[in-house]
Amino acid sequence: MNNVPQHIAIIMDGNRRWAREQGFPPLSGHQKVANEILEPLIEHASQRGVKFVTFWAFSTENWRRSKFEVAGIMRIFRHMIKDRWQRLHEKGVRMRVIGDISKFPRDIQKALVDVVEQTKNNKKITAVFALNYGGRDEILRTIKRLDTQEPTEENFSEHLDTAGIPNPE
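The UniProt record's numbering numbers the first residue of the sequence shown as 1 and each following residue consecutively.
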């Protein structure tokens, strides 16, 4: 019997709270996760046989934070995509992004599309990043993608951001 889940999902919450409790500026919590936790966590999950790990990294509600904090998070995303994700690609990690990335700065949108394309044939583990993601937003975008089709459970599922990704366990 295999007790290893096929898909683990992590809601990345509490970074600011952790930083404040440590006496650090709020962005340092986000930086710590980006620089010290994500990559080892993905590698550990892969070594254990997990096939998908999802990180809900930026919700649709996160845009309501201060401009300073959002700008800081965008800097962290740029660093992650440029440096960390390249290393993960070299280790065979496939990257997927769910959510509406059209709200991100153009350079981040392009980098996300590029890294997803670059890693699409990697097989070791799939790291899914939920960026500008919200459940209600996904439902609304899915309905729009259905366009004139009569919605069914099957075609609705095919148009979700998460199509082809097993449910988290």
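Worth flagging that the hints you see were computed from the coordinates, not collected in a lab.
We treat Cβ as the ideally placed atom computed from N, Cα and C, and that holds for glycine.
Check each hint, because a few of them may be wrong.
[Stated by the list, open to error] So the derived label-pair ranges between C-beta atoms look like this:
(1) Glu69 to Gln149: 24 to 30 Å
(2) Pro25 to Asn167: 21 to 27 Å
(3) Asp83 to Asn62: 32 to 38 Å
(4) Arg20 to Glu158: 17 to 23 Å
[Claimed, not checked] Below, in silico cross-link-like pairs of lysine-lysine (PhoX-like), each with a Cα-Cα straight-line distance of 20 Å or less:
(5) Lys120 to Lys110
(6) Lys51 to Lys103
(7) Lys51 to Lys144
(8) Lys67 to Lys91
(9) Lys144 to Lys91
(10) Lys82 to Lys51
(11) Lys32 to Lys82
(12) Lys124 to Lys67
(13) Lys120 to Lys82
(14) Lys123 to Lys91
(15) Lys82 to Lys110
(16) Lys51 to Lys123
(17) Lys51 to Lys110
These are the hints, each one checked on the structure:
1. Glu69 to Gln149: 24 to 30 Å: violated (40 Å)
2. Pro25 to Asn167: 21 to 27 Å: violated (37 Å)
3. Asp83 to Asn62: 32 to 38 Å: With Cβ atoms ~22 Å apart, the hint is violated.
4. Arg20 to Glu158: 17 to 23 Å: For Arg20 and Glu158 the Cβ distance comes to about 43 Å; the hint is violated.
5. Lys120 to Lys110: Distance of about 15 Å is within 20 Å: holds.
6. Lys51 to Lys103: violated (29 Å)
7. Lys51 to Lys144: Roughly 30 Å separates the two Cα atoms, so the pair is violated.
8. Lys67 to Lys91: violated (35 Å)
9. Lys144 to Lys91: Roughly 36 Å separates the two Cα atoms, so the pair is violated.
10. Lys82 to Lys51: violated (23 Å)
11. Lys32 to Lys82: holds (17 Å)
12. Lys124 to Lys67: Roughly 37 Å between the alpha carbons, so the hint for Lys124 and Lys67 is violated.
13. Lys120 to Lys82: holds (17 Å)
14. Lys123 to Lys91: Given that 20 Å is the threshold and the Cα spacing comes to 10 Å, the pair holds.
15. Lys82 to Lys110: Holds. Lys82 to Lys110 sits at ~12 Å (cutoff 20 Å).
16. Lys51 to Lys123: This hinted pair holds, its Cα atoms lying about 9 Å apart.
17. Lys51 to Lys110: violated (26 Å)
This entry does not satisfy hints 1, 2, 3, 4, 6, 7, 8, 9, 10, 12 and 17, going by the numbered hints stated previously.
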